[in-house]
Amino acid sequence: MSQALLQVTDLSAAYGQVFALRDFSCRVEEGNITALVGSNGAGKTTFLRSLSGLLPPRQGRVDFDGGDITHQPSDQRVEAGLVMVPEGRLIFPTFTVEQNLKIGAISKRARDDLAEGLERSYALFPKLEQRRHQPGGTLSGGEQQMLAVARGLMARPRLLMLDEPTLGLAPLIAEAIFEMMVQLKETGLTLLIVEQDVNRTLQIADYAYVLENGAGVMAGEAQDILADPKVRESYLGI
Amino acid sequence: MDILFSPQLLAAALITGVLYALISLGLNLIYGTMRLLNVAHGDLVMIGSYIAFMAFSLFNVGPLISMFGAAIICGGLGWLAYRSVFQNLLSNSEILARLEENSLLLFFGISVVVQNLVILFFTADRQGYEYLSAIVEIGDVRLTGARLAVLIVGSVVSIAAVLYLRFSLFGLAINALIQNRDASAIVGINVDRVQMFSLVIGFGITGLAGALISVLEPITPVMGFPYTMSAFVVIILGGLGNLWGGFLAGLLLGFLEIYGVAVTGPEWRSVLVYGIFIGILIFRPQGLLGRGRVAR
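Residue numbers (our numbering), protein chains in the order written: chain R, 1 to 238; chain L, 1001 to 1296.
There's no promise every hint is true.
[Stated by the list, open to error] Across the chosen pairs, the derived CB separations fall in these ranges:
1) Thr96/R to Leu1080/L: 34 to 40 Å
2) Pro126/R to Leu1132/L: 41 to 47 Å
3) Gly66/R to Ser1091/L: 24 to 30 Å
4) Ser1084/L to Ile173/R: 47 to 53 Å
5) Gln183/R to Asp1192/L: 31 to 37 Å
6) Arg58/R to Gly1109/L: 33 to 39 Å
7) Thr96/R to Gly1128/L: 46 to 52 Å
[Unchecked claim] If you want the ones that stay clear, here's a sample from chain L, every Cβ over 10 Å from chain R, calculated:
8) Phe1086
9) Leu1132
10) Gly1145
11) Ile1280
If you're looking for bench data, these hints aren't it; they were derived computationally from the structure. No residue lacks a Cβ here, since even glycine has one placed at the ideal position from N, Cα and C.
Generate coordinates for the entire structure from the input sequences, incorporating the hints supplied.
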């Protein structure tokens, strides 16, 4: 097998004594959309928190672009191009839209590219340009999600991890976010998506993993996972 | 009530306000970025004052030079405190959750130790020195050269600091960390570095303010405490973690105190300051300009 952009080996993570993720392994190939699905509390967000450096793993190893990043702080991961768009968006509410975008380009690899990055963000999300001087906290949920994605893109990611990007959004806006993820893939970006909308996510993904109670229970081509009778019963209610 | 309209009083209020703004900016930086309740903050004013006093009495160096030394030494103490204690505490998420309460006790202990060390070396006696004591007249305002110098230097430093924090990329990173720690980490801010610089800058500008204050009032080991209280009143008035609000609130408290004392009398100073403090907590706990306590 070729060298994957992200390679996770036997990763375990815990909050205090409670393990939320146990011996989970996966890989993300360059240029792909990789999806991670599972019910609430399956350990999906824990996994992304470990990958972004917010929650130090208890065991296991994470390799990004051939280098061991298991114990690197968050800012060095961003510097290497591993960027997360977190659940709940975590935009800076008192910063204007433009300040939110600027802070997204604080890493050294992105800083020189700031003006170009702003242009790209506004081209991708014209709504953000209209609201560029408005505080981030005053945007609607959908706009905040766009801002969070745009802020992540400002860092010039090589792998963009999206945690529940459509959670709490109206169906039309959620669909726009899915279409945007496909667009991003077409520009050559690698994506890792954690999503509660299993059906729609598996439709756009290339490869998928299923998490249950903190452990990986299934992995395969997204098409095959989508066609699997067990998945259809447990997650799609069909 | 003629005195209320005298330019003299206006100058006095500006001097006090600018110093409060500067000192509370330091406290706000430290509280905002790390949620550390530095109740030893006023002791940095005291240390800065003693540095200026020693520089003058031993080497005949005036406070306008020694204030840089005070800033560097106090900033160095901040660096030392960060490296020896807070870096470890802040990187452990379980300790972090309880750090705010515990830091209060920790700094209280530091305050007692520092004050007693200073008493040991310098005695508890009041110290002071003469510096630029000639009266300067600008229009109707008559004030000593030293007070004029404090007004100018204090204004320049505090305005420069506020502008830097508001418009530079590093200032944006500090403001981001004040708003949300996790969000700051994931956008790529070097949280560790921002925390260290916040402590260094916060301690440094407070030490600098202390050097300036050494020409205005007697220098004693316990002179810092009123500044600790005023600084806390100011950052609560301006909204915790709101740097710009705190700056304006510092000026405001300076005016309230000087004009309030002019109307009532110096024995009412503490009543005024604490009265404002309690009043805010009752009627506007999020601060006059505050947006409420920002989420962690």
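How the hints compare with the structure:
no., hint, verdict
1, Thr96/R to Leu1080/L: 34 to 40 Å, "holds, 37 Å"
2, Pro126/R to Leu1132/L: 41 to 47 Å, "violated, 60 Å"
3, Gly66/R to Ser1091/L: 24 to 30 Å, "holds, 27 Å"
4, Ser1084/L to Ile173/R: 47 to 53 Å, "holds, 50 Å"
5, Gln183/R to Asp1192/L: 31 to 37 Å, "holds, 36 Å"
6, Arg58/R to Gly1109/L: 33 to 39 Å, "holds, 34 Å"
7, Thr96/R to Gly1128/L: 46 to 52 Å, "holds, 48 Å"
8, Phe1086, "holds, 16 Å"
9, Leu1132, "holds, 42 Å"
10, Gly1145, "holds, 41 Å"
11, Ile1280, "holds, 20 Å"
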